[in-house]
Amino acid sequence: MKILVPISIVPDTTSKVAFTDGDTKYDKNNVTFILNPTDEWYALVRAVELVEANGGSVTVINVGEAANDQFIRKALAIGANNAVRIDAEAKDAFFVASQIAEHAKTEAYDLVITGKETIDYNGSQVGAMLAEMLDLPYVALVSKLEVAGTEATLEREIEGGVEVVAVNLPMVVGAEKGMGEQRIPNMRGIMQSRTKPLAVVPAVEVAEHVVVNKFELPAPKTGAKMIDADNIEELVRLLHEEAKAI
Amino acid sequence: MSNVAEQETLKEALRGGEFLIKETKSEDIFIPEEFSEEQQMMAKATDDFIDMEITPIAEKIDKMQDPELMPSLLTKAGELGLLGIGVPEDLDGLGMSFNTTMLIADVVGSAGSFSTAYGAHTGIGTLPILYYGNEEQKKKYIPKLATGEWKACYCLTEPDAGSDANSGKTKAVLSEDGKSYSITGQKMWITNGGFADVFIVFARIEDDKNLTAFIVERSYNGITMNEEEQKLGIKGSSTRQIFFNDTVVPVENMLSERGNGFKIAVNILNIGRIKLGAGVLNGCRAVIRHSVRYGNERKQFNTPISSFGAVKYKLAEMTARNYATESLCYAAGQDVDDRITYLRNSGMSAAESKLKGVEEFAIECAIAKVHGSETLDYCVDEGVQIYGGMGFSEDAPMARAYRDARIARIYEGTNEINRMLLVGMILKRAMKGDLDILSHAKAVGKELLQMPKPANIDRTEAFASEKELISRMKKAVLMVAGKAAQTFGAKLNNEQILLMAVADMIIEVYAAETSIMRAEKLINQHGESADGVKAKLAKLYLQLAINKLEQKGREAISCFAKGDEMRVLLMGLKRFTKHEPINQREIRHEIADMMIEKNDYAYKLWS
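These protein sequence lines are chains A and B, in that order.
Take the numbering used here: the final residue in the first sequence is number 247, and no numbers are missing along the way.
Take the numbering used here: the final residue in the second sequence is number 1422, and no numbers are missing along the way.
Think of the hints as simulated: they come from the structure by calculation, not from any bench.
Even for Gly, the Cβ is constructed at its ideal location relative to N, Cα and C.
Heads up, some of the hints might be wrong.
Taking lysine-lysine pairs in the BS3-like style, the calculated list, with each CA pair at most 25 Å apart, reads [unchecked claim]:
{"id": "1", "chain 1": "B", "residue 1": "K1078", "chain 2": "B", "residue 2": "K954"}
{"id": "2", "chain 1": "A", "residue 1": "K17", "chain 2": "B", "residue 2": "K1413"}
{"id": "3", "chain 1": "A", "residue 1": "K29", "chain 2": "B", "residue 2": "K859"}
{"id": "4", "chain 1": "B", "residue 1": "K1419", "chain 2": "A", "residue 2": "K17"}
{"id": "5", "chain 1": "A", "residue 1": "K222", "chain 2": "B", "residue 2": "K1114"}
{"id": "6", "chain 1": "A", "residue 1": "K215", "chain 2": "A", "residue 2": "K29"}
{"id": "7", "chain 1": "A", "residue 1": "K29", "chain 2": "A", "residue 2": "K222"}
{"id": "8", "chain 1": "A", "residue 1": "K26", "chain 2": "B", "residue 2": "K1413"}
{"id": "9", "chain 1": "A", "residue 1": "K197", "chain 2": "B", "residue 2": "K859"}
{"id": "10", "chain 1": "B", "residue 1": "K840", "chain 2": "B", "residue 2": "K1393"}
{"id": "11", "chain 1": "A", "residue 1": "K106", "chain 2": "A", "residue 2": "K92"}
{"id": "12", "chain 1": "A", "residue 1": "K17", "chain 2": "B", "residue 2": "K1114"}
{"id": "13", "chain 1": "A", "residue 1": "K226", "chain 2": "B", "residue 2": "K1114"}
{"id": "14", "chain 1": "A", "residue 1": "K29", "chain 2": "B", "residue 2": "K1419"}
{"id": "15", "chain 1": "B", "residue 1": "K859", "chain 2": "A", "residue 2": "K17"}
{"id": "16", "chain 1": "A", "residue 1": "K29", "chain 2": "B", "residue 2": "K1413"}
{"id": "17", "chain 1": "B", "residue 1": "K1413", "chain 2": "A", "residue 2": "K222"}
{"id": "18", "chain 1": "B", "residue 1": "K859", "chain 2": "A", "residue 2": "K178"}
{"id": "19", "chain 1": "A", "residue 1": "K178", "chain 2": "B", "residue 2": "K891"}
Chain B is nowhere near these chain A residues, computed Cβ spacing over 10 Å in every case [claimed, not checked]:
{"id": "20", "residue": "F95"}
{"id": "21", "residue": "Q126"}
{"id": "22", "residue": "V163"}
{"id": "23", "residue": "N214"}
{"id": "24", "residue": "L218"}
{"id": "25", "residue": "A244"}
Start from the sequences and build out the full structure, keeping to the hints where you can.
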């Protein structure tokens, strides 16, 4: 089985959010970056588990600049067999999906597993766009994924229950919590990651569809009002009169 | 240096203790910022392991209700490869450098009881076989220990043989057929004793002057143990008293040669010491991080307590001291690695070169142990203080950190033993002519009799005045130690109060110099950093060091000098420690403010 896992590199959740270039760009100065958790914990880990159980290979692909190589090597340390980096700044979802599609269309992958979203812009678009570009079925928000032969069985958490879907491979899957669990790369994996192939490929020309006019931070939080636990009347009064919540 | 070859010769020639008589160059020391991507990734993975598998169950581990818990955590660590970092690849380890094992010990250090179990297994449990075992012994035991299939412990201490380890009463008697030894004796404070599969046991054959070491397996006959010790801290680590009652051990399980046990014990402890120095670092970082965060959250007088100068003072000092331990540990760790490579290239075996490499820097190992454990103690103490009443409660993380820290000043040789050892080793090397302390001390003596020359400092050079001050700190040590040696001769070993003071002076020189060199190297490599925090930490540490050196110098001089001699020495001390104090308010505020703003430790070594 041949699996492709697109991975993004995102700011750590504790990073300060600030903008540059007239508030049109995220300020990357002094920011700690990490592998996008849904890509790493759910998509990549499940892909590695499937290959460990059934044989085959996992390729990770990233659209980004050379500074991303260290994170790509972490994905290799976790268990991916090889990696591709499209050497360009990831501009927007359409750009990223187009670059990945360009690679995937000649490689005959059985499965493409993306994380359900990146934790920076939370766009949730790349998986769906990629499926469209590759003309493959797409199931999003998948919390369980099993493969038998050429058929995948997927579970999705839905309101009040679980939906079970069977899809013929090849397909694209958007991985959600539950599909895998964070795997700490073992030391041998880390050492081997240096020697696993990491191909750097130039980007293809893609039309620009997105122009950022402006980013802005949410208004600062106003202070919380503390009410004594015994003073229920006051709490009710405030909720009614000030917050107008009841 | 003009060319690479010359530089390499210099590196090879670097000897233990030489920092006292030579100026260290920043390009010659290793700084932890130079760890490779691979080493950082290993550190991060280890950190994740501690965060996910250990910290969330710290309380459960300490309750010791499940005897299988600790060994199962070691097994998990083994699966990740954490038990074989420094073990050669042909014995199922990773074959990483000495300094990598230091880095991993650093990270694991925040794991309380687990870090003790980890240290005992990978250090004193595994290394005697790895370094002194023959091929059969290594093949039989090391792969099992490196992968975590088997766990190890080290049985040296006895009820009447603690610091005086070579006085143990455990006996090993050769059987009539010459095929086995029968071991009988009582061992105590045995970390991992409750679950270890392999015991490194030290016993005396007949009336030998020195002990002999044996590999004993749990399945052998006649091994009984007391219940788990109820301890002040690291409550979750197994600590047993173990009795060997005519335990039959095959002769092929003798480690090294008869009578070599004490040498094994001492050399393995050297490694344990420097590892312990590194092994407190992440514990300190965790305590400081908690302190910053709590200080930011906790409000009194409608103000977060972190904004108070009294709290900032502590945050800055905790961090400066930890920065110094970090600087000295990793500089020494690399010196050990370089020495190992040098000895290996000159034809020594892998195991022997590792032992000799560490032995060469035994002085620095002792410094790392003392400085690290005392920094940890300072950090947990002030951590509790910043938490105030909550610091005294089991609901906050400080109580456990406080308890767990205390053992570090005791095990791997008490800090008192280490202080005496490090001065003793310097004097011994001086007497043997390996370390030219005497002529340098004489030169300092001569300088004392001359009028002080104004220092010629190129202030355009970064840290020029700090480096000049460090060179005078060395002179102060040489003056005091030289005079003390002259006064007492061989009897100096009995002058413990004096030796403790001299040891502290030496420790401060090494800590201050490696701290400043690290900051200088960083600036040379990357220019001034935006927050310049490491330069500030180095400068604050130097101030702490010079204050302590001055105080300990006066103490030392008072132990033996009188009248005119005392006046001359005190004047010398004053001359060698003369400096303009830095603005403590300003620098401590700047360091603390930066951490308060980040709501975190001052910087990251891995991410």
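Against the structure, the hints:
1. The straight-line distance between the Cα atoms of B:K1078 and B:K954 is roughly 23 Å, inside the 25 Å bound, and the hint therefore holds.
2. Restraint check for A:K17 and B:K1413: satisfied, since their Cα atoms lie roughly 9 Å apart, inside the 25 Å limit.
3. The straight-line distance between the Cα atoms of A:K29 and B:K859 is roughly 21 Å, inside the 25 Å bound, and the hint therefore holds.
4. At most 25 Å may separate the alpha-carbon atoms for a hinted pair to count; B:K1419 and A:K17 meet this at roughly 16 Å.
5. Pair hint A:K222 plus B:K1114 holds up; C-alpha atoms about 18 Å apart against a cutoff of 25 Å.
6. Distance check on the hinted pair: A:K215 and A:K29 sit about 16 Å apart at the alpha-carbon level, within 25 Å; holds.
7. Between A:K29 and A:K222 the alpha-carbon distance is near 24 Å, which keeps this suggested pair within the 25 Å criterion.
8. A distance of roughly 22 Å separates the Cα atoms of A:K26 and B:K1413; the hinted pair therefore holds under the 25 Å criterion.
9. Among the hinted pairs, A:K197 with B:K859 is consistent with the structure: their alpha-carbon atoms are about 20 Å apart, no more than 25 Å.
10. As the CA atoms of B:K840 and B:K1393 are separated by approximately 23 Å, the hinted pair is consistent with the 25 Å bound.
11. Of the pairs offered as hints, the one joining A:K106 and A:K92 holds, with about 21 Å between alpha carbons and a cut-off of 25 Å not exceeded.
12. Using a Cα cut-off of 25 Å, the hinted pair A:K17 and B:K1114 holds, with the two alpha carbons roughly 23 Å apart.
13. Using a Cα cut-off of 25 Å, the hinted pair A:K226 and B:K1114 holds, with the two alpha carbons roughly 15 Å apart.
14. For the hint linking A:K29 to B:K1419, the alpha-carbon distance of about 17 Å falls within 25 Å, and the restraint holds.
15. Taken as a hint, the B:K859 and A:K17 pair is honoured in the structure, with Cα atoms around 21 Å apart against an allowance of 25 Å.
16. For the suggested pair A:K29 and B:K1413, the alpha carbons sit about 16 Å apart, so the restraint of at most 25 Å is met.
17. At roughly 19 Å between alpha-carbon atoms, B:K1413 and A:K222 fall within 25 Å of each other, so this suggested pair holds.
18. With a CA separation close to 23 Å, the supplied pair B:K859 and A:K178 stays within the 25 Å bound.
19. Note on A:K178 and B:K891: the hinted pairing holds, with a Cα-Cα distance of about 24 Å set against a maximum of 25 Å.
20. Taking the minimum C-beta to C-beta distance to chain B, about 30 Å, the non-interface status of A:F95 holds against the 10 Å cut.
21. In this structure A:Q126 is separated from chain B by more than 10 Å, as the shortest Cβ-Cβ distance comes to about 28 Å.
22. Separation of A:V163 from chain B is adequate, the least Cβ-Cβ distance of about 27 Å exceeding the 10 Å criterion.
23. Against the 10 Å criterion, A:N214 stays outside the reach of chain B, whose nearest CB is about 30 Å from its own CB.
24. The claim that A:L218 is not at the interface with chain B holds, since no C-beta of that chain comes within 10 Å of its own (minimum 17 Å).
25. At the 10 Å boundary, the C-beta of A:A244 stays outside the reach of chain B, the nearest C-beta of that chain being 24 Å off.
The structure is consistent with each of the numbered hints, conforming to all of them.
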